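> For reference, the chains in residue letters:
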Amino acid sequence: MVDWPLISVIIFLPLVGGLIILFIKEDELTAINIKWSALFTTIGTFILSLILWLQFDYSNPSYQYEEKFRWFDDFNFFYHVGVDGISLFMILLSTFLTPLCILASWNNIKKRVKEYMLSFLFLETVMIGMFASIDILLFYIFFEAVLIPMYLIIGIWGGDRRIYASFKFFLYTLLGSVLMLIAIIVMYRNTSSMSIEFLQGNYFSYNTQLFLWLAFFASFAVKIPMWPFHTWLPDAHVEAPTAGSVILAGVLLKMGGYGFIRFSLGMLPEATEFFIPLIMTLSIVAIIYTSLVALAQTDIKKLIAYSSVAHMGIVTIGIFLVNQQGLEGAMMQMISHGLVSAALFLCVGVIYDRMHTREIKFYGGLIQRMPLYATVFMIFMLGSVGLPGTSGFIGEFLVIVGAFKFSSYVVIGAAFGIILSAVYMLYLYKRIIFGNITNNKLVDILDINTREKIILIPLAISVILLGIFPNLFLDPMRLSLELIITNYEIANAK
Amino acid sequence: MLNNIYYIFFIPEIFLACSSFVCLLFGLFLKKNAFRQTSNLAVFVLLLTILLVYYDSESNFANYKSLFSHSSFINFFKILALLGSIASIIISKDYFLGIKLKNFEIPILFLFSTLGMMLMIASNNLMSMYLAIELQSLSLYVAAAVKRDSISSAESGVKYFILGALSSGILLYGFSLIYGFTGSMNFNDISFYLSKYDNLNLGLIFGLVFVMVGLAFKVSAVPFHMWTPDVYEGAPNSITAFFAIVPKIAAVALIYRFCLVPFENFYLEWSQIILFLSIASMFLGAIAAIAQSNIKRLLAYSSIGHIGYILIALVAANDDGIKAASIYMFSYMIMNVAIFAILLSLKVKNEYLINISDLKGLSRSNPIVSLSISVIMLSMAGIPPFIGFFGKFYVFIAAIEQELYALSVLGVLASVISAFYYLRIIKIMYFDESTSEGIINFKISFQSKIILSLSLFLIICFIFYPSLLINISASLSI
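Protein chains in written order, with this note's numbering: chain S, 155 to 648; chain W, 1476 to 1953.
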């Protein structure tokens, strides 16, 4: 363990970097300085978060590296941060993806570089802060503050319909999260505590739980997103710049899953038990429906966006199975989806930068000109399908194993979705990569350059690493998940 | 005790009244720069008044006990109103000079209106309350119409006057009913008289409703809000700034005191009225603002929406409610000071900014100004980590403490709707490509810059050290 405030440094380092960038004058020549400062800051944050992992105590299920200061004098609101097995990898995912995002926008962001980098650094601070909070109000503040930079990223640097997409994103998620604010205040009123740790041991009356659960559901179901609350996602993804989509798919969707584990399972176990059939139904509908929708898409980004909804359906099934395999599978699926979908968006970004279109019809036969690109794209495509040996397999497999304990109908639904995911991903791959070049504009297309290699190869390595050594990731989170399951079972056995 | 007659001049209100006359004479005999000098003197007078309010001890008020009351809540709101009027005089000075409206009477009108507000906040008697409201309003009617050669200014002044007179009439009729049925004008006596009864009789209910209507007009709660957008739009920007910042503070304090002191025990009777006013104001404020293209009308509807939230805390009617109201009012004042400090310094093609669409391209020509506007807008929308979020947060804490779940849910829903128009301003500044660059001109005087930076600092940094304000507001008693 470390004796200095490691978590706070990780949370606020990007913000400090952002403040420094604020004072760099921006013009043609100095824009590069801004980019380098942002890159160094985010890489530094990533290295610090690796220390977090290396020093992590695997035998301790509760929070580690805790820091606690009294903040508000009049009620029990603390600046209280820490990391446990569940949040550890979410933080690592955020710190890992942000430098890649900065690199991915190295050349294609030409206007307002300063504001762009500032938004990303602020976004990183609030994302990490959210996953590290042990105080609900602190969690809420970070949870809502995420909207500000994301709104700007979509709205300023997005595509043609960016204004519509950014407003939809902001208002949709705000509507969900304000209901959570009410729920948080009700929780505080009943228990006089805002500590996530404390509230996980404290049980509300059954009726209160039902209302609280619905309020949290409104917020997380929009965020994750579950069918039928997913309509903001395709718009936001399509209009966002590449790096924006990467963060959106890679980290922001995980906020919903993380919230479900922490709040719904951890604090409202009896209500969760009541609502499990609802979640299962919505998830299976989501998996099958959005997979079919994905099959019909003509825009690559939109296809991946819909596939995200389907994959998050597997996550919600896994979470609400509330058994060891299900939860571990959900966590693995979240990490894997964070890497794979981020990588897929980056891959789309690579060809978009060259051709400025995302129409599937436009492409074809890229393997003739871009063999290396075809290879990395294949790795991510297979990861998304869930081929054994890639990260996607572990998550889906564990969820299905866990689902057998619950109901075979759920298994059938989930498995059907996985088959469909193979269909749409392979079909996409075939149309873009294989065949002969039919479009003359593609004749001169260049293979990925060094910068893109630096972005994509670490992602490819981690996708395979996750698939071959899942225990590297499962071991730290196992005890924390067990704790949640035990609490859940005790509460429901009463 | 009042040992020495000279001490009477240290009563803040009397000091302010006398100093206002001194200012008037001072302005009258100045040959040059009368407006600027009088404004400076007015700011100085107000600062001294703040000191007097702060060190004011209860004994000073011994002679006026039946007319005016004294409590920490009153002092807090008095200081808030004084700070608001200092800020608005300072930020509007350059604007007045810019539009060549150099009547030195304007700061004097502000002083008299502030005096009226202080008396309003402190009043403990129906009669003194009415007189204070009239002193405040009359000064404001004149201020709204101060730009005599402008039709819109005159129109707004007349509109304000007619509707204000009507509401004062209704208010007075309500007072007469209350006096007729309780036989007393003093808040405490009314409260004492009413404590003998379980229900209000019909006459008193009528009286209460009439007074509520009059007060709702003063805080511009829906459905008595009609004057607000028109007066905001018609009056010169700097007068609008004063309207937006200061009188609301006094009116809110007054409505709190009126509900919670004489009618303390008849919560059910008045809370239904306030409940309706609150919901209607939040939703109308949020929805009507969406369609506005004039920034002043937009801010008018935004202020109507804010009043809705403050009234939620009044419906809660507990200690948390008082705390929430004072925190909310503080944040409201700070945010309005900041936004008007910017608006009064922004010129588009040598005209002061009116249309929201003129903000286009501001993020390129003045990145810092547009960043500040964005922060203020997000804060007004109640997005953390800015101060506006904590205002709303405390309001909802108070409401849930009273188990007003439906009201809280409606409140947050309205805040989502209102987020739309605040975001629209950010959208115009950042997302819209500007066709005409470099025509927006931001020129701000040193003093306003200090006010602006200070209020921005409070908006952004409140989260780092909230306890200062919260401890003060937690200790307030009505």
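Watch out, some of these pointers could steer you wrong.
[Stated by the list, open to error] Heads up, simulated SDA-like pairs for lysine to any residue below, C-alpha to C-alpha not over 25 Å straight-line:
| # | chain 1 | residue 1 | chain 2 | residue 2 |
| --- | --- | --- | --- | --- |
| 1 | S | K322 | W | L1846 |
| 2 | S | K268 | W | V1844 |
| 3 | W | K1634 | W | L1846 |
No lab work stands behind these hints, which were simulated from the structure alone.
The model shown is predicted, which means the values in this text are computed figures rather than measured ones.
> Give a verdict on every hint.
Comparing the hints with the structure gives:
1. K322(S) to L1846(W): Judged against 25 Å, a Cα distance of about 22 Å means the pair holds.
2. K268(S) to V1844(W): Judged against 25 Å, a Cα distance of about 16 Å means the pair holds.
3. K1634(W) to L1846(W): Distance ~36 Å between K1634(W) and L1846(W) Cα, so the pair is violated.
Checked against the numbered hints given earlier, this structure breaks only hint 3.
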